[in-house]
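Construct the entire structure; sequences and hints are all you get.
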Amino acid sequence: MKQIVVHQEKCTACRECEVSCSFSHEGAFVPTLSRIRVADFYEEQFYQPMVCVHCADAPCAAVCPTVAIQRQADGQVRVIDDRCIGCKMCLLACPFGVMGFSPEKGVAQNCDLCNGDPQCVQFCTPGALEFADVVAASAPARQKAAAALGLPQA
Amino acid sequence: MPTKYVLIGNSAASLAAVDGIRKFDKQGEITIINRETGPAYSRVALPYYVAGEMTLSDLLIRQQPDYQKIGVSLVEKENVKAINASAKQVELESGRKVSYDKLLIGTGSETVVPPIQGLAQVSHHYLWTLDDAIGMKKATEKAKTAVVIGGGFIGMLAAEALRKLKIKLTIVEMAPILLPQLLDEGAGNLFLKAVRDEGVTVRTGSLVSAVAQKNGGIEVSLKSGDTFTVDMAVVATGVQPHVAFLQNSGITLNKGVLVNEYLQTNHPDIYAAGDVAETKDFLSDERSIYAIWPTAIDQGRAAGANMAGIKQAYPGSLGMNVVELFNVTLAQLGRFREGPRDTVKMLSPKEDESSYRKVVVDKNGTMVGAVYVGDENGVAEMGVIHSAIKRREKWQGFKDGRPPKFSYGAVMHNVPQY
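If you read the sequences in order, they're chains A and B.
Quick note, my numbering runs 32 ahead of the 1-based positions in the first sequence.
Quick note, my numbering runs 42 ahead of the 1-based positions in the second sequence.
Hints are supplied without guarantee of correctness; some may be wrong.
To be verified - Simulated coverage check for chain B against chain A, where a stretch passes if three residues somewhere in it have a Cβ under 8 Å from a Cβ of chain A:
no.	segment
1	335–343
2	366–373
Claimed, not checked - Within a straight-line C-alpha distance of at most 30 Å, the following computed DSBU-like cross-link-like pairs (lysine-lysine) qualify:
no.	chain 1	residue 1	chain 2	residue 2
3	B	441	A	42
4	B	139	B	210
5	A	137	B	208
6	A	137	B	235
7	A	176	B	441
It should be emphasised that the hints constitute simulated quantities derived from the structure, not laboratory data.
Using N, Cα and C, we set each Cβ at its ideal position, and we do this for glycine too.
Laid out in structure tokens, this is it:
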């Protein structure tokens, strides 16, 4: 499944992703309404873009008391607005803190992959975001980690 | 021969158990015994129905064909009379007997009837079942004023629904704050102020001693001697595990059905999950019942897997709650009231009076609980703390909603897999 792949080491916390996301979804440049957020640790110079990874066994979907969070045919985990009562149990269940909430609509919101053309990826100048198959895109990182552990290479 | 699974109850625990079973056993025959009628509805959504924000069909979390699709047969409007563990049979009140290979008790909880003088003679409402909600909604059509007896989770959800319908409210709560099972003193006082600012009369530290029908209204007498009259009474003084039918079954009971870490009762083929089950606690060696939706799901899934023959230990229950009431968002995790050997980390700056963010750390430096009051934006941070508590992570400070150097990898390694 193609999704937003984060290359943390390239992120500069410029927040172009946050404004492009909020503008394309909400029509306003409001980072707090963005579905992708950059956690910044300026003193450590460590910036981590955080966005829904559409977990294989998604805790948000499991916990939703109205079955408002459903996996789509293409694999993405989607909030069905009409079914959502805004209880926020999914926000409390998400280990990454990437389930958001729209106070205006009163419903939970996560990354919807912009119908296959994610705007955050389009506008990410440093190239920290990529729209790709996560298994393929993370292969080099996994091989590096395996090598560090002294495991045989594929 | 396919395995015969029988599940008593048709809500969160049983439905999650179906998922747990079907993950490992596609052939087994599954029967759900339901004392209500119709496909499963969401108990959590009932207050939204009362407030007129959802219709009856919106409440359904399964449709009739969903059961057939995954090979589940439904026995409706049937109460279980007894369980015969030696014959491996469930006896229904109609006289029918249902045989099982593996049985799940997922009967949830039922409302506690408080010892209030005259209660039985006065029309009053609970908010626990679909029928309760339908009755309550009907009563709101004529009511201009109401009393909510009990300022706990359900009482406050009922109060919020009535407030949305512009009904003038009085809430009576025994504890000094509202939502005592969710908030500590600091958060409780902040919330109490928010509720009073909405024009609601709140009588904390108060008990209702009697109710009586009077001049078309209901006269409420408090233990202090005060009285007032309202059009409608809602009773929400807690719930208790629905175990009465198990008294002579030989199944070991305490407050609820006692189960081991595989959600098994003292009879190896009988399991329990959800509000009815008394399980191990995630944070202590004690047993606990939180009676919340998420623990019912976790227990149901694990019970289902174990019933299908896949050993899966349940890590224990962790309290978690989140709710938006009176325009304030509240959330709670684990042990949020610090013990004598715990330390407290406040995440909100001192001068900030609109939010309250507290993390409790135990003597070893491990995060064990948190409480939050504020707007909806702070709940995502509580999600991160939640997963950190589940991984028994040490406190390393918290910034921008995350511990330092927070990464996907570290979390993903340890996300529980079902």
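Each hint, compared with the structure:
{"no.": "1", "hint": "335–343", "result": "holds (count 4)"}
{"no.": "2", "hint": "366–373", "result": "holds (count 3)"}
{"no.": "3", "hint": "441/B with 42/A", "result": "holds, 21 Å"}
{"no.": "4", "hint": "139/B with 210/B", "result": "violated, 49 Å"}
{"no.": "5", "hint": "137/A with 208/B", "result": "holds, 21 Å"}
{"no.": "6", "hint": "137/A with 235/B", "result": "holds, 26 Å"}
{"no.": "7", "hint": "176/A with 441/B", "result": "holds, 29 Å"}
Going down the numbered hints, you'll see the structure goes against just number 4.
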